[in-house]
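Student: Since chain A is already given, all that's left is putting chain B on it; use the hints.
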Amino acid sequence: MRRSLTDERGVAVIAAVVTLVLLGAVVSGSLVLAVRQARGSSGGLQAAAAFYAAEAGLAASLRGWDWEAARAAQPGVPVLLASGELATGETFQAYIARNGSGEADRAHYLVTSTGRANGPHGGRRTVALLLREPLDARWCCGAALTAGSRVSVEGGVIRGASEDPLGWRPTSEACADSSVLGPGVLAGSGSVGVSSDGVVEGAPAVQELDKGLDNLIEEIEVIFEDLAVRSDIELPPGAQLPSLGPLVDGAGGCDTERTGNWGEPLDPDHPCSEYLPVIHSAGDLTIETIGRGQGILLVEGDLAVTGDFEFHGLVIVLGDLQIENGRISGTVLAPGRRSTVRVGFGGQLGLSKCGVRRALRAAKLVSPHPLAQFSWLEILE
Amino acid sequence: MRSRTSRARVGFSLVEMTTALLVAGLVVASISAVFVNQWRFHSAQAEIALTYRAASVALEVLVTELRQASPRLGDIYAIASDSVALRSTTGHGVICDVAGDRVGLRRVAGTFGDGRADSVLIFIEGRIESAIDDRWQVVPIRSVRGTGPGLCADRLEPDLYLTVGGDLAGVEKGAPVRGFRPYTYRLYLAADGNWWLGQRLRGGRIQPVTGPFLSPDEGGLSLEYLDRERVRTWDPADFVQVVISVRARSLRPIPRKGMPGFFVDSLATTVFLRNS
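From first to last, the protein sequence lines are chains A and B. Just so we're aligned: the first sequence equals residues 1 to 381 in my numbering. Just so we're aligned: the second sequence equals residues 1 to 276 in my numbering.
Extracted from the complex, chain A is given alone in its bound form (with noise of 0.2 Å):
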């Protein structure tokens, strides 16, 4: 007799359903568990990435500013000033805009740099930076020399023009048009003697300048404030510097933890070329020593350079300021309305636009600057 289905019975059938229904509960939440996990993780990594692409765009947007972009930024329009992808695939965009409602208002800028994840999954994250424009440089590269009162050029030079360092124009964007002699001294009328062994050279050899010398001088003073606190190299007043000169660290590269290591002006090929340090002096400052350097270099008492000594850079003096043997080539301001300054036998100042332009653009003083106080913040969306 043939058995039908119908007459079949047993749950072994029911119970294996059943059994590999529960199973794959069990297995599908374990699933459901481990991928929400594995998402909350992925989720936080690529968070951070989105965050540190955003900021590579803003030092990206710094890096290669574009005055071009940030001038012709309408006021609330953002302009792109800079994208890329990083090596790990991260992506970023930086706009510009700038702060503001009219031609009248003073320039800032925002700029807000957007990075996204390289993922599945996404991930955004944009930061921002206030900027300020940076300082005029109409006030630095005047002439060798900006005085506030008496100058005495006894046997010592003064020239509107200097020969720069070999190796110096090829290499550097900042000495393109550097050529063009300038005024030897500004002064207030009257107010320079020459001796007889002395020279004075220039396009004028000397420029009087009465009307706006006080507000020049004026400006002088704050800017030697802004540049004094972004000094890399802090001085205490009566400093004694046995030597001066670059100095090369253990592993090749250069030494700027020493106070003694102002840059090296001469070899381009040396690891200290490019280091041009602001170096703050909170009192009076005597060089004796034979070296060189290149920079800034901030005085807020006298300076005495007697050794055979040479800096390439900018150089301000709030007291009096006795050259002899030494030379500056770049630019000197010695706004004191009571001090003196003497050149004297084998001192040299020269006007260097090409030392003075290398010297600002290493203190990140042609690129606009972050606002003073708070700059950086995030933008939650």
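Hints are supplied without guarantee of correctness; some may be wrong.
Chain B residues, not near chain A, derived (Cβ > 12 Å throughout) [said to hold, decoys possible]:
{"id": "1", "residue": "Ser83"}
{"id": "2", "residue": "Val94"}
{"id": "3", "residue": "Gly113"}
{"id": "4", "residue": "Tyr183"}
{"id": "5", "residue": "Gly193"}
{"id": "6", "residue": "Leu251"}
Distance windows between CB atoms, simulated [what the hints assert, rightly or not]:
{"id": "7", "chain 1": "A", "residue 1": "Thr259", "chain 2": "B", "residue 2": "Asp114", "range": "28 to 36 Å"}
{"id": "8", "chain 1": "B", "residue 1": "Phe262", "chain 2": "A", "residue 2": "Gln74", "range": "54 to 62 Å"}
{"id": "9", "chain 1": "A", "residue 1": "Leu33", "chain 2": "B", "residue 2": "Ile31", "range": "38 to 46 Å"}
{"id": "10", "chain 1": "A", "residue 1": "Pro120", "chain 2": "B", "residue 2": "Asp167", "range": "47 to 55 Å"}
{"id": "11", "chain 1": "B", "residue 1": "Leu267", "chain 2": "A", "residue 2": "Pro120", "range": "22 to 30 Å"}
{"id": "12", "chain 1": "A", "residue 1": "Pro120", "chain 2": "B", "residue 2": "Asp114", "range": "50 to 58 Å"}
{"id": "13", "chain 1": "A", "residue 1": "Leu33", "chain 2": "B", "residue 2": "Arg116", "range": "40 to 48 Å"}
{"id": "14", "chain 1": "A", "residue 1": "Val248", "chain 2": "B", "residue 2": "Thr270", "range": "56 to 64 Å"}
{"id": "15", "chain 1": "A", "residue 1": "Pro120", "chain 2": "B", "residue 2": "Arg230", "range": "35 to 43 Å"}
{"id": "16", "chain 1": "A", "residue 1": "Ala48", "chain 2": "B", "residue 2": "Asp217", "range": "53 to 61 Å"}
{"id": "17", "chain 1": "B", "residue 1": "Val61", "chain 2": "A", "residue 2": "Ile290", "range": "56 to 64 Å"}
Just so you know, these hints were derived from the structure itself, not from any lab. All values reported here derive from a predicted model rather than from experimental measurement. Just so you know, even glycine gets a beta-carbon here, dropped at the ideal spot from N, CA and C.
Tutor: Same frame as chain A, but now just chain B:
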């Protein structure tokens, strides 16, 4: 009528039933063991995931708050090894119109509130040739409106109107504005007997952010403030980085064979203050 014979009956013998029940019992016992283990594993993993999540959320919240704080500007009110009180940025914008005690904002991101503790910092530029005499002035917000009198230079309405309770002398169009609230972050012992990371608005009640954590004495939250020389400091105006460590604890004991216990996860990070 045809009589039913015993051969025609369908059923199970006692032996069959006993065997079937025995086999079924073994199967059910095995499945139960699997399910119990799976439940333990699942519960443990869920607790571990929640604990890890609490630790990472605490770090993310504190890092985000501290990263954009400016100690020199006075953004940090007080610091301790297990708490920090600071200005928490809520939004920012750019002033396009100033009149009396009212400013119009454009390019608004985030939010500006008009609660008792809501204030704004407004940038005031000093001399144009100097960057070091610029300052940010704190003024309380009285009201926030989407519409109001006054137009921007493009003759269109600002995105937001703020009425403030402070002096607006020296405030110029184009000045950036930053809204903030004063918050304190610290661990607190909640009614459920657990330590939670709490956020307290000045003058308000503490609200839970995430948790639970070990107690402060057990290192539930540890903050170390370092100055530029990487030396520990307690000066709220003088630190540039913060080392944050948290020890989160599971809300419930982890079910496992033997003695059940709480799961503890530690996380640490260092945040550099971008505006220090």
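Student: Looking back at the numbered hints, which does the structure fail to meet, lowest number first?
Tutor: 2, 7, 9, 12, 14 and 16
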